[in-house]
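Model the full structure from these sequences, guided by the hints.
Take a look at the letters that make up each chain.
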Amino acid sequence: AQTVTQSQPEMSVQEAETVTLSCTYDTSESDYYLFWYKQPPSRQMILVIRQEAYKQQNATENRFSVNFQKAAKSFSLKISDSQLGDAAMYFCAYRRYNNNDMRFGAGTRLTVKP
Amino acid sequence: DTEVTQTPKHLVMGMTNKKSLKCEQHMGHRAMYWYKQKAKKPPELMFVYSYEKLSINESVPSRFSPECPNSSLLNLHLHALQPEDSALYLCASSQEDKGVRVGYTFGSGTRLTVV
Chain A
1 AQTVTQSQPE MSVQEAETVT LSCTYDTSES DYYLFWYKQP PSRQMILVIR
51 QEAYKQQNAT ENRFSVNFQK AAKSFSLKIS DSQLGDAAMY FCAYRRYNNN
101 DMRFGAGTRL TVKP
Chain B
1001 DTEVTQTPKH LVMGMTNKKS LKCEQHMGHR AMYWYKQKAK KPPELMFVYS
1051 YEKLSINESV PSRFSPECPN SSLLNLHLHA LQPEDSALYL CASSQEDKGV
1101 RVGYTFGSGT RLTVV
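Note that the protein sequences, when read in sequence, are chains A and B.
If you count the first sequence from 1, position 25 lands on 25 in our numbering, and the numbers rise without skipping.
If you want our numbering, it's the 1-based position in the second sequence plus 1000.
Read the hints as simulated data drawn from the structure, not as lab findings.
Positions of the beta carbon are idealized from the N, C-alpha and C atoms, including for glycine.
The hints are all genuine.
Below are the DSBU-like pairs computed for lysine-lysine, each with C-alpha atoms no more than 35 Å apart in a straight line:
#, chain 1, residue 1, chain 2, residue 2
1, B, K1041, B, K1022
2, A, K73, B, K1053
3, A, K73, B, K1038
4, B, K1038, A, K113
5, B, K1040, A, K55
6, B, K1053, B, K1022
Examples of chain B residues lying across from chain A (beta carbon under 8 Å, computed):
#, residue
7, L1045
8, V1048
9, G1103
10, F1106
Beta-carbon label-pair distances, calculated as ranges:
#, chain 1, residue 1, chain 2, residue 2, range
11, B, E1058, A, T18, 35 to 45 Å
12, B, T1007, A, A72, 35 to 45 Å
13, B, K1009, A, E10, 25 to 35 Å
14, B, A1039, A, L84, 20 to 30 Å
15, B, S1020, A, Q14, 40 to 50 Å
16, B, E1058, A, S30, 22 to 32 Å
Laid out in structure tokens, this is it:
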């Protein structure tokens, strides 16, 4: 079974600074997807960024980028120039290729200080 | 339309009641999902529908009954629930085109309280 581990229950960052959220996963598969989702108090899960395992290049979406280390099974999220609106719960998620079964980590609550 | 719409947003029901949660999307997604999320916990997969057929049932108790009447609509019928079933119920959808696997689009959820 695949498991996703987020070892940081809470993180805090100063506005305009950079923060990195950690995620590790366990799988025996070679083809899969990894995601970071954001869940603000509004409750809706919002896709932040995704990474295909077959791609060596790290995904980037504006201020959000990942450090994908396939051999180490590590998938960290870096948020640059943090904004107050980035405050939310962040979930790392794994989905096997051609499979509709996405699994989430326990989440990291990010606080952004003005 | 790039949204998944869930109704109602809040629901309070007694243990003997029968109620239904509704989820709708018009993005042409052919996979739809129900997740259950307890407070301060990650979402847990309950059911997956692919092309209107149930493809995954994560050993969910029979008091939860999913239904997918068409490709745009997903229901979750509730009957004889327990207080521990109180949670946020999230619906999601995704494309099912061969070779295309993208992240899910989630609705805002239904906050269910069983009294």
